[in-house]
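S.K.: So the protein lines, in turn, are chains A and B.
Per my numbering, the first sequence starts with residue 1, numbered consecutively.
Per my numbering, the second sequence starts with residue 1, numbered consecutively.
Be a bit skeptical, because a hint or two may be false.
[As the list claims (entries may be wrong)] With a Cα cut of at most 30 Å, we get these calculated DSSO-like pairs of lysine-lysine:
1) A:Lys197 <-> B:Lys166
2) A:Lys121 <-> A:Lys100
3) A:Lys201 <-> B:Lys356
4) A:Lys195 <-> B:Lys166
Worth flagging that the hints you see were computed from the coordinates, not collected in a lab.
Each chain, written out:
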Amino acid sequence: MDDTAVVPAPSRVEQIDSVVIRFAGDSGDGMQLTGDRFTAETASLGNDLATLPNFPAEIRAPQGTLPGVSSFQLHFADHDVLTPGDAPDVLVAMNPAALKANLSDLPRGKTIIVNTDEFTKRNLTKVGYTASPVEDGSLESWQVQPVPLTSLTVEALKEFGLSRKDSERSKNMFALGLLCWLYNRPTEGTERFLKTKFGRKPEILAANLAAFKAGWAFGETTEGFAVSYEIAPAPAPAGTYRNVTGNTALAYGLVAAGHRSGLPVVLGSYPITPASDILHALSGMKKFGVTTIQAEDEISAIGAALGASYGGAIGVTTTSGPGLALKSETIGLAVSLELPLVIVDVQRGGPSTGLPTKTEQSDLLQAMYGRNGESPVPVISPRSPADCFDAAIEAVRVAITYRTPVLLLSDGYLANGSEPWQLPSVASLPDLHVDFAPEPEPGAPAFRPYDRDPATLARPWAPPGTAGLEHRIGGIEKADGTGEISYDPDNHDKMVRLRQAKIDGIDVPDLAVDDPHGDADVLVIGWGSTFGPIAAGARDARKAGIHVATAHLRHLNPFPANTGDVLKRYRRVLIPEMNLGQLSLLLRGKYLVDARGYNQVRGLPFSSAEISAAITSLATQIEEGY
Amino acid sequence: MTTELGMPSVLSGLVGVPHLTADDPKQTRKNFTSDAEVRWCPGCGDYAILAAVQGFLPELGIRRENVVCVSGIGCSSRFPYYLDTYGLHSIHGRAPAIATGLVTARPDLNVWVITGDGDALSIGGNHLIHALRRNVNLTILLFNNRIYGLTKGQYSPTSEPGKITKSTPVGSVDTPFNPVSLALGAEATFVARTLDSDRKHLTSVLKQAVEHRGSALVEIYQNCPIFNDGAFDVLKDRDEAQARLIRLEHGEPIRFGVDGSQGVVRAADGTLEVADIDAAGLPNVLVHDAGNPNPATQFALSRLDDPTLSHVPLGVFRKVARPAYDDLVRAQVTGAVEANNGPATDDDLAALLAGKDTWTVTG
Ligand SMILES: Cc1ncc(C[n+]2csc(CCOP(=O)(O)OP(=O)(O)O)c2C)c(N)n1
Ligand code: SF4
Ligand SMILES: [Mg+2]
Numbered sequence: 001m002d003d004t005a006v007v008p009a010p011s012r013v014e015q016i017d018s019v020v021i022r023f024a025g026d027s028g029d030g031m032q033l034t035g036d037r038f039t040a041e042t043a044s045l046g047n048d049l050a051t052l053p054n055f056p057a058e059i060r061a062p063q064g065t066l067p068g069v070s071s072f073q074l075h076f077a078d079h080d081v082l083t084p085g086d087a088p089d090v091l092v093a094m095n096p097a098a099l100k101a102n103l104s105d106l107p108r109g110k111t112i113i114v115n116t117d118e119f120t121k122r123n124l125t126k127v128g129y130t131a132s133p134v135e136d137g138s139l140e141s142w143q144v145q146p147v148p149l150t151s152l153t154v155e156a157l158k159e160f161g162l163s164r165k166d167s168e169r170s171k172n173m174f175a176l177g178l179l180c181w182l183y184n185r186p187t188e189g190t191e192r193f194l195k196t197k198f199g200r201k202p203e204i205l206a207a208n209l210a211a212f213k214a215g216w217a218f219g220e221t222t223e224g225f226a227v228s229y230e231i232a233p234a235p236a237p238a239g240t241y242r243n244v245t246g247n248t249a250l251a252y253g254l255v256a257a258g259h260r261s262g263l264p265v266v267l268g269s270y271p272i273t274p275a276s277d278i279l280h281a282l283s284g285m286k287k288f289g290v291t292t293i294q295a296e297d298e299i300s301a302i303g304a305a306l307g308a309s310y311g312g313a314i315g316v317t318t319t320s321g322p323g324l325a326l327k328s329e330t331i332g333l334a335v336s337l338e339l340p341l342v343i344v345d346v347q348r349g350g351p352s353t354g355l356p357t358k359t360e361q362s363d364l365l366q367a368m369y370g371r372n373g374e375s376p377v378p379v380i381s382p383r384s385p386a387d388c389f390d391a392a393i394e395a396v397r398v399a400i401t402y403r404t405p406v407l408l409l410s411d412g413y414l415a416n417g418s419e420p421w422q423l424p425s426v427a428s429l430p431d432l433h434v435d436f437a438p439e440p441e442p443g444a445p446a447f448r449p450y451d452r453d454p455a456t457l458a459r460p461w462a463p464p465g466t467a468g469l470e471h472r473i474g475g476i477e478k479a480d481g482t483g484e485i486s487y488d489p490d491n492h493d494k495m496v497r498l499r500q501a502k503i504d505g506i507d508v509p510d511l512a513v514d515d516p517h518g519d520a521d522v523l524v525i526g527w528g529s530t531f532g533p534i535a536a537g538a539r540d541a542r543k544a545g546i547h548v549a550t551a552h553l554r555h556l557n558p559f560p561a562n563t564g565d566v567l568k569r570y571r572r573v574l575i576p577e578m579n580l581g582q583l584s585l586l587l588r589g590k591y592l593v594d595a596r597g598y599n600q601v602r603g604l605p606f607s608s609a610e611i612s613a614a615i616t617s618l619a620t621q622i623e624e625g626y
Numbered sequence: 001m002t003t004e005l006g007m008p009s010v011l012s013g014l015v016g017v018p019h020l021t022a023d024d025p026k027q028t029r030k031n032f033t034s035d036a037e038v039r040w041c042p043g044c045g046d047y048a049i050l051a052a053v054q055g056f057l058p059e060l061g062i063r064r065e066n067v068v069c070v071s072g073i074g075c076s077s078r079f080p081y082y083l084d085t086y087g088l089h090s091i092h093g094r095a096p097a098i099a100t101g102l103v104t105a106r107p108d109l110n111v112w113v114i115t116g117d118g119d120a121l122s123i124g125g126n127h128l129i130h131a132l133r134r135n136v137n138l139t140i141l142l143f144n145n146r147i148y149g150l151t152k153g154q155y156s157p158t159s160e161p162g163k164i165t166k167s168t169p170v171g172s173v174d175t176p177f178n179p180v181s182l183a184l185g186a187e188a189t190f191v192a193r194t195l196d197s198d199r200k201h202l203t204s205v206l207k208q209a210v211e212h213r214g215s216a217l218v219e220i221y222q223n224c225p226i227f228n229d230g231a232f233d234v235l236k237d238r239d240e241a242q243a244r245l246i247r248l249e250h251g252e253p254i255r256f257g258v259d260g261s262q263g264v265v266r267a268a269d270g271t272l273e274v275a276d277i278d279a280a281g282l283p284n285v286l287v288h289d290a291g292n293p294n295p296a297t298q299f300a301l302s303r304l305d306d307p308t309l310s311h312v313p314l315g316v317f318r319k320v321a322r323p324a325y326d327d328l329v330r331a332q333v334t335g336a337v338e339a340n341n342g343p344a345t346d347d348d349l350a351a352l353l354a355g356k357d358t359w360t361v362t363g
């Protein structure tokens, strides 16, 4: 920082081990950007972290209203962070709507930094406040830091000759500067970021930099902020790290899989929240041989992907629940053609349009069964934002090894949430080399497109262009081996079973159990993004003396071979899900275990407190002999 | 914001597809005939189209393993099974979408889409118009029998109003599509119509279609003797045909009828109409211009064909040059690879993964 202009006040620095900050403002206030930047600075300090962006589906809901509130929560610590935090320690409220929408989440005694300039009569009325809560004593139970953020920003920028409106736009940078001071975050990254972003607009760049520095200086010189905080880096394995969101990691995983297989990646996609960012990212990966086709609808998108797979590429399609519904028939065709295909579903609240920007895990049964006929498809789900990278590579591996469509189930929380990611070395990534069917020797018997590899039951991948392998295939049932049309009853029975056996036989690692005491009665098992809350909830329960085991399913079809054994080892099985019990249904049906669901569909991830309370209640029931 | 695309020059439809060399044995119709037993009803117009295609493919001189036929669902969509090339019999209406992905990924393939009036215009209408506007390098054969054959005789989007079928016992109330008008409205660069029973005309249209780079839509009037028999009989009876069929030749005055006595002229209101040439005067007869970038007159020609088939233009309505979608998409990818000085290396991937903001933890 250029601190020659200010006289540093003697402020105290306190060490804390973790903090949860929520930035909240109007959709137009730039809260997502503010959160992203604060996160980047925090990541570069080596804290572990997790983030939860939360924004309305409308691009610009009416200004200053409750539906227009956008927020970004960040949890960072000097230790392993598993969730974006149950409740904020600090709420930055940029206007009355942001305060009103978020106050109920803020435990009493915590801090509110509030932009008093926006607490005008008009803005207060918009959200139903008759008097300003900052002045009428209703915030007594919290520590309120009133800051006239807007006017301070305008004041700081007066020499730039911008309109008042333009100056006000930089108030998020002022807030960011203030918070960076408060938590002793470095600032170089943000300065660099602004320089790249506004490199071609020098006035805007200068204004944003000045607002950012003014925010920092304000913290340093204002008596209201006597204390600033430091959070030491979290211990982490040696290596190079970056912060990454789930959608970015997933896109990178697909690129890496293409690179490691030597095959081109062809994405067919139709924009839909919260999956569109994968399309955006992959459209910029042309130098990696990635082709993107923005199709006219989801059916065309998966059609193009399947056509590309038929041609010997890695066909990928990305969507969310409503789009997956449209793709069902083509997934069925891919099952029948036995061609590789990766279908990414970034789940959101449903049914129908549902909650486009909120998270949910309610497409599991659609992924498993949402097709006509016996149509088994492997299902894989990442457990955290960074894990989207490995899960995407695994989805490609299964697709090209077994010649099958694979469903990769991410969700809105993973897609937009972020965490530090230890960069893998490229050489350590799986080798995904595959062979196409070779050109036959002259005089060889006719090509049999449905002969199977005895180990994997996969059929040959024979893209057009190889002389001697000309063959016709389609969605009509095919004769075992020859692939010719067959309506024979016994053949159909055999083919249905063969396709099922192929999926059932996919090699997936055994289910690992975390049971530190070794004598737990309760097993908590989850899938997808509930990994973090379950791990954090179990950690809390264990601290309270409860012996609990946890396990996480990355592969949902097929399940790991030892799943039944694991489930049967425990007296009670608890399955937290952001749906009404879809994994519960599968596990109960397949393994006849009396699994209990813990279910919520609020568009938000579980808090660790909710999970630990559910664990405690189940453990208590056992103790009491239920 | 837009950018200059640096359009690749417009090539022939078969550029990029490997051709036979002088050493290769000559291909014949037999090479393109598969072992599969043909299962259309006796007398189905599809037989004639198959025979024409099997006879014509060897003439192209391209390698058989680089020919792919993608179809949807319908009687017509069984077509790929009978050609000894690569073939993909897909799902109802989706062939253009699948073929778009295939041909974009594989510039060395000659890709055909085989579809019916229901497959292309009902369930697959969206994919068809988007393939046409993008100008994907595909030859699309639309078998129009004005009925759903495979599902045993319901009316289709090209059935004439009032048509009595199984699902319209007191007559269809739908207004039909004119596939040629639809294709012209969808920005197609090549649009033609031909007839199953006219082998010579069919072959000459197919030839032009394959040589066209971009989407070539060929509507083929096809008789379904089982569910819509005689739908085009008026075009097959010598005298009737003479009065109704208008054969379009690029650069020629549009004449038909006995001794070419009839012609297409511009009416006072700017539309087209049929007139006696003696009365109208030969210089007033419209000269067909398939290459006119403005499709207005080509569209007006397509409107001469009403559901009663009173005047049916046959031949190539439109053939204009526009870069193909798949060429443009590939040019962007190869351009990026070239700018990178070749395919991405491990280091390129590592740099991508690392991004701009990294930090290091030392053990
Ligand atoms: C999704 C779906 N809906 C309906 C069908 C039933 N179906 C098969 S073919 C067809 C109509 C075919 O008509 P057309 O495209 O004109 O082909 P034709 O049989 O006349 O050659 C229908 C409705 C299907 N196979 N798939
Ligand atoms: S039903 Fe009609 S279109 Fe289908 S095969 Fe028979 S004759 Fe041909
Ligand atoms: Mg038909």
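S.K.: Kindly indicate which numbered hints from before are broken by the structure, ordering the numbers from low to high.
M.R.: Violated: hints 1 and 4.
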